[in-house]
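Chemist: Sequence:
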Amino acid sequence: MGDLGLLGQTSLQDSPRHSPTVRSMLELRPLLSDLMRCDIGNGKVARVSGPRGLRVRKSAVVFDATTNGSWRLPAARSQEMQSIQIAITAIEPPDSVRGPDRFLWRKSPDTFRPAFSSKATWEYLRTPTPTVFWQKAIWFKENIPRNTFMAWLALLRRLPIKDRLRRWGLNVPAECVLCSSALETHHHLFFECSFSAAIWQGFASQIRGNPPADLHAAAAWILSPSRLVSRDQVILLKLIFQSTIYLIWKERNSRIFTSVSTSSSAVSLALDRLLRDRLLSIPASSPVGPSLLLLYFTSFRPP
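Take the sequence shown: its letters are residues 923 to 1225, numbered as in the numbering used here.
I should point out that these hints are in silico values taken from the structure, not numbers from a laboratory.
Since the model is a prediction, treat every value here as computed from it, not as a measurement.
Don't be surprised by glycine CBs; every beta carbon is placed ideally from N, CA and C.
Be a bit skeptical, because a hint or two may be false.
[To be verified] Derived pair list, reagent style BS3-like, types lysine-lysine, alpha-carbon separation capped at 27 Å:
| no. | residue 1 | residue 2 |
| --- | --- | --- |
| 1 | K980 | K966 |
| 2 | K1029 | K980 |
| 3 | K1172 | K1063 |
| 4 | K966 | K1029 |
| 5 | K1041 | K1029 |
| 6 | K1041 | K1063 |
| 7 | K1058 | K1041 |
| 8 | K1029 | K1058 |
| 9 | K1058 | K980 |
[Said to hold, decoys possible] Derived CB-CB ranges, DEER-like:
| no. | residue 1 | residue 2 | range |
| --- | --- | --- | --- |
| 10 | F1071 | T1043 | 32 to 38 Å |
| 11 | P938 | R979 | 45 to 51 Å |
| 12 | F1055 | Q1001 | 52 to 58 Å |
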């Protein structure tokens, strides 16, 4: 195994003509040797390139750098070329007995496998940060992806709320368009606002009493252990939490950009339909136990 088959990666140069996606991939090129290896077999797939002193053409494969099963290298005329040739001769020459070349992907720091692992690659590329306390209120298998994304942005305080837009220097009205009685902030919109509080508390309180009117406190409340709340009820609370955030944000944008207003009771009906549609697609966790949809029907009065 060696890096010889990856030397051709330098042939594509960055250029303004490339799309942003291609250019961002080219920026990661220095990391390629840490993420990928080539196990040289017969040398007829992996390409090889290098300094002109190696005397190989641009389209050459590793097999072209050998003669009768041995490396074919010109005389070294510099210390640099000597070092390169020493590194090459440390790699076993290609041999048809070993079969075709294989490209291997990083699985762990010392392990490479034929199958690409998006998880291993992401873990290598990302910069780890401390886990937030509310992460299990966001990421769970029964979630609705678009609602999860919106709730994630809200908990990070990354939504373009009016107080944030004003801090950026934009001249926008500061009041909340849902209640017109306070400044629009993340914590006001979720769920100090009377409009959003009526929806959130109307649903969440039917599973567990006294739902908090604060965004982060609500996430902590959902995850806090309670003997009175089952695992399936916690899943329902997570879905209600995320779906409420999504529909409130949708209603807020509708009022700002289309001047179309919907009552809190109509939004509650939309939330009820959204939850039913999602729960209908989730099978019961136990053959003898109730499904989440049945639990929802037995826990809720129609809005």
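Chemist: Could you grab the alpha-carbon distance between K1058 and K1041 and see if it respects the 27 Å cut-off?
Modeler: holds, 19 Å
Chemist: For the hint 45 to 51 Å, verify it against the beta carbon of P938 and that of R979.
Modeler: Check failed, 28 Å falls outside 45 to 51 Å.
Chemist: Straight-line Cα separation of K1041 and K1029 no greater than 27 Å?
Modeler: Holds, at about 9 Å.
Chemist: With the threshold set at 27 Å, check whether the alpha-carbon distance from K980 to K966 stays at or below it.
Modeler: holds, 14 Å
Chemist: Need the status of pair K1058, K980: alpha-carbon distance at most 27 Å?
Modeler: violated, 51 Å
Chemist: Does the Cβ distance between F1055 and Q1001 fall inside 52 to 58 Å?
Modeler: With a Cβ separation near 56 Å, F1055 and Q1001 satisfy 52 to 58 Å, so the hint holds.
Chemist: Quick check: does the Cβ-Cβ distance between F1071 and T1043 fall within 32 to 38 Å?
Modeler: The hint (32 to 38 Å, Cβ to Cβ) is violated, given that F1071 and T1043 are roughly 22 Å apart.
Chemist: Against the 27 Å threshold, does the CA-CA distance of K966 and K1029 hold or violate the hint?
Modeler: holds, 25 Å
Chemist: Keeping to a limit of 27 Å between CA atoms, is the pair of K1041 and K1063 held or broken?
Modeler: holds, 17 Å
Chemist: For the pair we were handed, K1172 and K1063, check the Cα-Cα distance against 27 Å.
Modeler: holds, 23 Å
Chemist: Holds or violated: K1029 and K1058, Cα atoms, limit 27 Å.
Modeler: holds, 26 Å
Chemist: Can the restraint linking K1029 and K980 be considered satisfied, given a maximum Cα separation of 27 Å?
Modeler: violated, 30 Å
Hint compliance for this structure: hints 2, 9, 10 and 11 are broken, all remaining hints hold.
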